[in-house]
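Undergrad: Heads up: the sequence lines are chains U and D, in that order.
Each number in the working numbering corresponds to the 1-based position in the first sequence with 455 added.
Each number in the working numbering corresponds to the 1-based position in the second sequence with 389 added.
No wet-lab data here; the hints were simulated from the structure.
Fair warning: this is a prediction, and the values are worked out from it, not measured in the lab.
Where hints are given, some of them may not hold.
[Stated by the list, open to error] If you only want the chain D side, here are some residues facing chain U, beta carbon under 10 Å, derived:
# : residue
1 : Lys392
2 : Pro396
3 : Pro397
4 : Met399
5 : Gln431
6 : Gln434
Beta carbons are placed, not taken as given, at the ideal position from N, Cα and C, and that holds for glycine.
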Amino acid sequence: KAGVTQTPRYLIKTRGQQVTLSCSPISGHRSVSWYQQTPGQGLQFLFEYFSETQRNKGNFPGRFSGRQFSNSRSEMNVSTLELGDSALYLCASSLIVVTSTDTQYFGPGTRLTVL
Amino acid sequence: DAKTTQPPSMDCAEGRAANLPCNHSTISGNEYVYWYRQIHSQGPQYIIHGLKNNETNEMASLIITEDRKSSTLILPHATLRDTAVYYCIVRLTGNYQLIWGAGTKLIIKP
């Protein structure tokens with residue numbers, strides 16, 4: 456079974472631009488979560504989608520948004536990029552995440568650099 | 390905030406068992422302990438999880454103390470490829486989110 460895939464793997468943007476990142480979960484998984492990882496803040500939860508609905512949201516500004524499609528694929532969008540948005544963006548999928556034992560599996564991440 | 394405390398770094402000789410400690414003194418009764426590892430700039434890799442019984446899989450063993458306030462991840466025969474940052478995470482009940490701490494950087498030395 457193929458793992459979580461994320462595209463693109465690397466991205467360079469300039470301040471003020473917007474960016475869209477894509478995540479394809481493991482086949483059969485219906486929940487997708489997004490995380491931001493920076494050297495200073497570590498791994499921080501952005502949001503989680505299940506059945507095309509945002510179910511949980513972390514403490515990030517409204518410039519960060521996401522959506523999920525009917526095939527469970529998910530995208531996240533960052534508008535008006537700032538230098539501080541440079542990070543590794545990670546996507547994780549799980550079956551349904553309604554129990555404590557539903558494991559999240561991570562993709563390789565998208566490395567975003569904002570110049 | 391993370392509910393776990395881990396040493397920032399550890400060394401282990403190749404071929405020996407690596408024992409990674411984790412303190413989670415405020416863990417609640419229904420909260421699971423999860424371990425992930427992250428090899429440089431890759432996505433975190435799931436290792437193992439447990440509630441109160443010891444657990445073992447093909448990668449590692451997880452030993453949880455009877456009072457559940459601490460746990461130890463054991464890699465039985467460490468190899469150079471086990472060099473990574475290891476995260477001990479208490480999974481919240483309610484929204485089931487994983488709250489990540491700083492982890493332990495484990496360096497396996499030949």
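Undergrad: Are D/Lys392 and chain U close enough, Cβ to Cβ, to be under 10 Å, as the hint says?
TA: Violated. Min distance 14 Å.
Undergrad: Would the stated hint for D/Met399 survive a check requiring a Cβ distance to chain U of less than 10 Å?
TA: violated (18 Å)
Undergrad: So, D/Gln431 near chain U? Judge it on the closest CB pair being under 10 Å.
TA: holds (6 Å)
Undergrad: Taking the least C-beta to C-beta distance, is D/Gln434 closer than 10 Å to chain U?
TA: Because about 7 Å separates D/Gln434 from the closest Cβ in chain U, which is inside the 10 Å limit, the hint holds.
Undergrad: Taking the least C-beta to C-beta distance, is D/Pro397 closer than 10 Å to chain U?
TA: Cβ of D/Pro397 sits 12 Å from chain U, so the hint is violated.
Undergrad: Next item in the hint list is D/Pro396. Is there a CB on chain U closer than 10 Å to its CB?
TA: violated (16 Å)
Hint compliance for this structure: hints 1, 2, 3 and 4 are broken, all remaining hints hold.
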